[in-house]
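Colleague: Sequence positions in the sequence shown follow the working numbering and run 1 to 537.
Think of the hints as simulated: they come from the structure by calculation, not from any bench.
We put the beta carbon where it would ideally sit given N, CA and C, even for glycine.
Wrong hints could be hidden among the right ones.
Calculated pairs, SDA-like style, for lysine to any residue (alpha carbon to alpha carbon, straight line, at most 25 Å) [unchecked claim]:
1. 414 / 377
2. 412 / 359
3. 412 / 490
Simulated restraints, written as ranges between beta carbons of each label pair [unchecked claim]:
4. 429 / 219: 26 to 36 Å
5. 380 / 190: 33 to 43 Å
6. 342 / 413: 23 to 33 Å
7. 190 / 425: 36 to 46 Å
8. 354 / 443: 30 to 40 Å
9. 190 / 35: 55 to 65 Å
10. 150 / 83: 44 to 54 Å
11. 354 / 462: 39 to 49 Å
12. 415 / 495: 35 to 45 Å
13. 219 / 365: 43 to 53 Å
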Amino acid sequence: MGIATKLFHQARGSQEDQNPLFDSVDYECANRCLPNGNDQQKRLVASLSQAVRQGHLCLTINQSVIPSTRDLLGENIDDELIEAAKSFPQSPYIHLEGDRFYFQKFWMSEERFRTHLQRMIDCLPAIQLDEERVEASLEGHDNLLPEQAHAIRLACRHSLSVITGGPGTGKTFTAGVLIQTLWEAMTSEQRGLCRFVLTAPTGKAAIHLQKSFQRVCQQLPGFPPLQAQTLHSLLGIRPGGRKASHLMADLILVDESSMIDVQLMSLLMASVKSGSRLIFLGDSHQLPPVEAGSLFTDMIGQLEEVGQLTQCLRVELEGIRYLSDAIYSGAIDDMFQTINEEKSGVKRLNFSQGKLSALVGDIVSHAIKKQPALSEFSYSAIKQYLESFCLLSPLRKGFFGVDHLNQEISRKIKEAYIRPILITKNDPRKGLFNGDTGILVNGEYALFPDSDESLKKIPALLLPPYEYAYCLSVHKSQGSEFDHVALLMPPGAESFGAELFYTGVTRAKRQIEIWGSDEVLQAAVEKKNIRHSGLTA
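Produce the entire structure from the sequences given, and follow the hints as far as they go.
Modeller: Now the structure itself:
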């Protein structure tokens, strides 16, 4: 055992203890950032490393530690970190802002975001609208709810606005009416100058956004054609590279905003010119980004007014919405009542109680039975095939992990000539992005639904990295919806908290099936993953 490892074997036994306080990556990080630091100072850096890996942007250390080391590590060494913070040495890798400790790159991203957030809050839109025209346009929509109209008015008045709400509350519909309202309220000269952009963090979400707005835009006389892009494409970000240029658009509509990580969000904010309208759509109750930070949620807390949509408009989502509300609000009794009584669209799955292999076999058999048929290779048929049913798991590895379940399902149906696949790495040259789904035909070529309702055909040998998509991780499912979802909540799922449970449930449009013990489901609902940053301090 090396010296670095010995330094951190605290509170849990001898140097040979196999359950150390910090992981090896935290040891390595502490020694690289503070090669000449003392033990306490290195434990502070290791705690910061642990915090970042759990999604926080910083550690706040004064009379207490936020987030506490008991939450981070399962042990309380707050007093030790408070003492270490008093004499913390300078480091090119650690930034100290008041009583907050950051890794340099995360501080730079947060500070960039903060600066440009305030710039946009303080700046009025360059294209000013006649309020009477705005109201006249809104009055033409009899089915528009007051909360939706309020969200549209906010976007008309301000450079920066947010439309947030759960599934079925009409975020996309509201944004469509917003674009129509803006267009109808503009003068002919303003219309000629105005440039619109649609964007989302993933290719799949961008395609969905494009499809959602095509019909609206086609009905507006003289409205320019819109092509949705991923944020990486819009900002000119390439592997190992940075943003290419500033955005000259006058209105930028961003969907699935809860998925945007701190570095991408800060680059987006810095790229928007003063006077543009930047409109974020998203569900702040969903899982935060895979990387550190949750700036969409932080931003909502910084704005005086937000377009909050609360009323569910889809009858088929009534039971699912009731369940998702119970999960996020922590109403455990309501959650169990909805699941156990199998209210509209909600069902509880019961599998074998015996051997682990039998349990996994039941899960695999259930997923195979639910696999839809594909009668033809048309855009609509393939889209329906991909959106009909999905098995979701919060885990990547292990018996209940995505990798193992996909392997078992594909092994059981090895004669199938059509297999759903998920792209796992961006390939802009082929127009394929991480998260895109399609079908692999006879192992020879793949077909992907495109934004213009056509099919993109790619030879199998030219595909970027992909995996089977019989089972998806809950994280990968964000931005997607399926008619029918089977959500696995095995032991260990509770560590991901209510946000993961909520996100998995809200992927279902018509039916959600849930498998998990009472203990796991309750523990998941009770755990809220609030990410700490300088904006929440």
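Colleague: Give a verdict on every hint.
Modeller: Against the structure, the hints come out as follows:
1. 414 / 377: 20 Å, holds
2. 412 / 359: 15 Å, holds
3. 412 / 490: Distance of about 22 Å is within 25 Å: holds.
4. 429 / 219: 26 to 36 Å: Given a distance of about 34 Å, which is inside 26 to 36 Å, the answer is holds.
5. 380 / 190: 33 to 43 Å: 37 Å, holds
6. 342 / 413: 23 to 33 Å: About 28 Å separates the Cβ atoms of residue 342 and residue 413, which means 23 to 33 Å holds.
7. 190 / 425: 36 to 46 Å: 41 Å, holds
8. 354 / 443: 30 to 40 Å: 36 Å, holds
9. 190 / 35: 55 to 65 Å: 59 Å, holds
10. 150 / 83: 44 to 54 Å: Given about 50 Å between the Cβ atoms, the range holds.
11. 354 / 462: 39 to 49 Å: Between residue 354 and residue 462, where Cβ atoms are some 45 Å apart, the hint holds.
12. 415 / 495: 35 to 45 Å: 38 Å, holds
13. 219 / 365: 43 to 53 Å: 47 Å, holds
The structure agrees with every numbered hint stated previously.
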